[in-house]
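There are 2 protein chains.
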Amino acid sequence: MKRIMMKTVLKIIFVGCCMLLTLHANEKVYKLKMATTWGPTLSPLIDAANNMAKMAEELSNGQLQIRIDTANKHKSPLGILDMVKGGQYDMGHSASYYWKGKDINTLPFTSMPFGLTSPEQYAWFYHGGGLELMQKVYNKHHVYSFPGGSTGVQMGGWFRKEIKTLTDLQGLKMRIPGFAGEIMARLGVQVTNIAPGELYTALETNSIDALEWVGPSMDITMGFHKIAPFYYTGWHEPASEMHFIINQKVYKKLPKHLQDILVASMRLAAYDMYIQNYDMNASAWEMMKKEYPNIMVKTFPKPIMDAMKKANEELIIEMTQDNALLKEVLDSQKAYQKKVRVWTQMSDYLYLKDNL
Amino acid sequence: MKRIMMKTVLKIIFVGCCMLLTLHANEKVYKLKMATTWGPTLSPLIDAANNMAKMAEELSNGQLQIRIDTANKHKSPLGILDMVKGGQYDMGHSASYYWKGKDINTLPFTSMPFGLTSPEQYAWFYHGGGLELMQKVYNKHHVYSFPGGSTGVQMGGWFRKEIKTLTDLQGLKMRIPGFAGEIMARLGVQVTNIAPGELYTALETNSIDALEWVGPSMDITMGFHKIAPFYYTGWHEPASEMHFIINQKVYKKLPKHLQDILVASMRLAAYDMYIQNYDMNASAWEMMKKEYPNIMVKTFPKPIMDAMKKANEELIIEMTQDNALLKEVLDSQKAYQKKVRVWTQMSDYLYLKDNL
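These protein sequence lines map, in sequence, to chains A and B. Numbers in the numbering used here are just positions in the first sequence, counted from 1, shifted up by 1224. Numbers in the numbering used here are just positions in the second sequence, counted from 1, shifted up by 1224.
Looking at chain A on its own, in the form it has when it is part of the complex (with noise of 0.2 Å):
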């Protein structure tokens, strides 16, 4: 008769004990490292990283703790895609653009000019087969991509003398990277590019004439307006999404409330970054302006833009012409742009020309 109980309570023990390590698995932590691009006090592109980490632990009750190594650490600002695909570090907060060197396939996403808006980026993400196209291009580098967050429309950048006339841009010397710099190049701008902690000097001592950053939220604290009085609107960044990456297996490993909440946390902070920066580019704007009244917002004339637009489309005719998938990833924007576009001229676009 003991002898039954005993083994009853045992067997409640080892039922017990069996219980608990259940649980206990279902609550196991889930450690994760995250390389950034930026430095640490970069925002709001810095930010929307701390936010989606600081968020996925909150909403996973401790569950999920994201460690983040910014550029300072890793000292690899521009090999995020890399680091996360060879397993150095789980997850990435960067741009998917700043790959395209490895990869032109991954341009796209970031920002195309004279493209998509944020709003409408998202919605071709979201809803318009985007974000699909976007994992098609990232899986052969085995990591999942998620948008991460918009600085919105980019200013085209600070200029120290107007740009009237094509010949205005002949020789004329600017620090302008990537896609848009091969744009004005083809225009006669000669392209030079510059570390960033040389610019304000390289500006002020002539030997560039313009240069483009971000928009006045980044641009304010590099002094630029100090110097260039013209800053021009506008046409090769209008809606430049950051990404986060992370490790196809590390991401396969959670559990799927886990992945649910990591995806979650990214979305948000995502949108979260594009209302941040609205809304700190109107501050730092203001302030520009009331401490340097003579600087003055200018577009490029209509020859120029429309020169711009030409050498836009030869260059992604000359791109896409032996590489499918890029061609199918930039139609698909091209066919989006132009239905939402009607409805961003009768929305927004009409309500703003009557109310600025």
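If a hint is listed, it holds; no wrong ones were tucked in.
If chains are identical, the list can't say which one is meant, so a pair holds when it fits in one copy or spans any two.
Listed below are the simulated DMTMM-like cross-link pairs for lysine to aspartate or glutamate, each with C-alpha atoms no more than 20 Å apart in a straight line: (1) Lys1563 - Glu1537; (2) Lys1278 - Asp1484; (3) Lys1480 - Glu1251; (4) Lys1480 - Glu1281; (5) Lys1563 - Asp1578; (6) Lys1562 - Glu1510; (7) Lys1562 - Glu1538; (8) Lys1252 - Glu1282; (9) Lys1534 - Asp1578; (10) Lys1526 - Asp1578; (11) Lys1299 - Asp1271; (12) Lys1388 - Asp1578; (13) Lys1562 - Asp1578; (14) Lys1533 - Asp1555; (15) Lys1558 - Asp1578; (16) Lys1534 - Asp1392; (17) Lys1562 - Glu1515; (18) Lys1480 - Glu1282; (19) Lys1551 - Glu1406; (20) Lys1526 - Asp1392; (21) Lys1563 - Glu1515.
Hints listed in this document are in silico derivations from the structure and should not be mistaken for laboratory results. None of these values were measured; they are calculated from a predicted model.
Starting from the known structure of chain A, fit chain B onto it as the hints suggest.
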């Protein structure tokens, strides 16, 4: 010896059970009931409520379960605030301005004529003090209020005849409710209210000459485009925001991490609805225009717009002269708009101007 062993075993079982109970308490399921103003098929409004509930359940691993009763069930579409305040429902999804009859201060959190656009309004909510002012207004109703999804710019309505001068508005019979209706009435419009189900027939049989509904995404199912060729652009609701509300007592009883999940799910569902509706509007407009190519998009001529703006300002002065809190909210919106619109002009507006 055996007794001591038995005692130890029993102690282990007791401790084990206590741990199980504690873990169980941490995993307690919270069931909330939410009432919506919308019927079960009213996309995208009902989608925002459903998406929020789905996210809250997924992210909490089933700990938060929100049952949604649509208006078809509770039969009180415009009584959501009362029901949540009174505790019949824990939560609600509706739009703040539906309660302006009970508390005029709730009006400005949805949209104001000639006011903020969607990104501007989100920036005001989250970075310009808007959310805090909203809680201040809702505190007397013992509920918390959160943004619940933006329609973006709503259209100004369907007209059977073109409106060329202020005289064309004299005696015009139009269905346009709320604050916008009061403005139109000051311009000589005969403002009427008609149940949604009878609107099409009223317009077809000339009982009314014009009506305002929402925008292509929601207008398309009503069929107005088949009988009224003039579609006027919006001025009265540039960014109508829906709202989630929750009874303060219910909210305070939730564990901290479930509060976080709820707040994150609401914020995310709100942004998602804005983007979903952007896409839906683009698709619906494309369809309307294809089937009825004679529809013409029109903006009200400047003298009419100016008269509307004047009436709007007069109404605001009347409303706020004995209401310090409403004045505080509207002054905050106005000051934020003054700052942010300069940036919107430099960024979105000037970009779109060259890329329509």
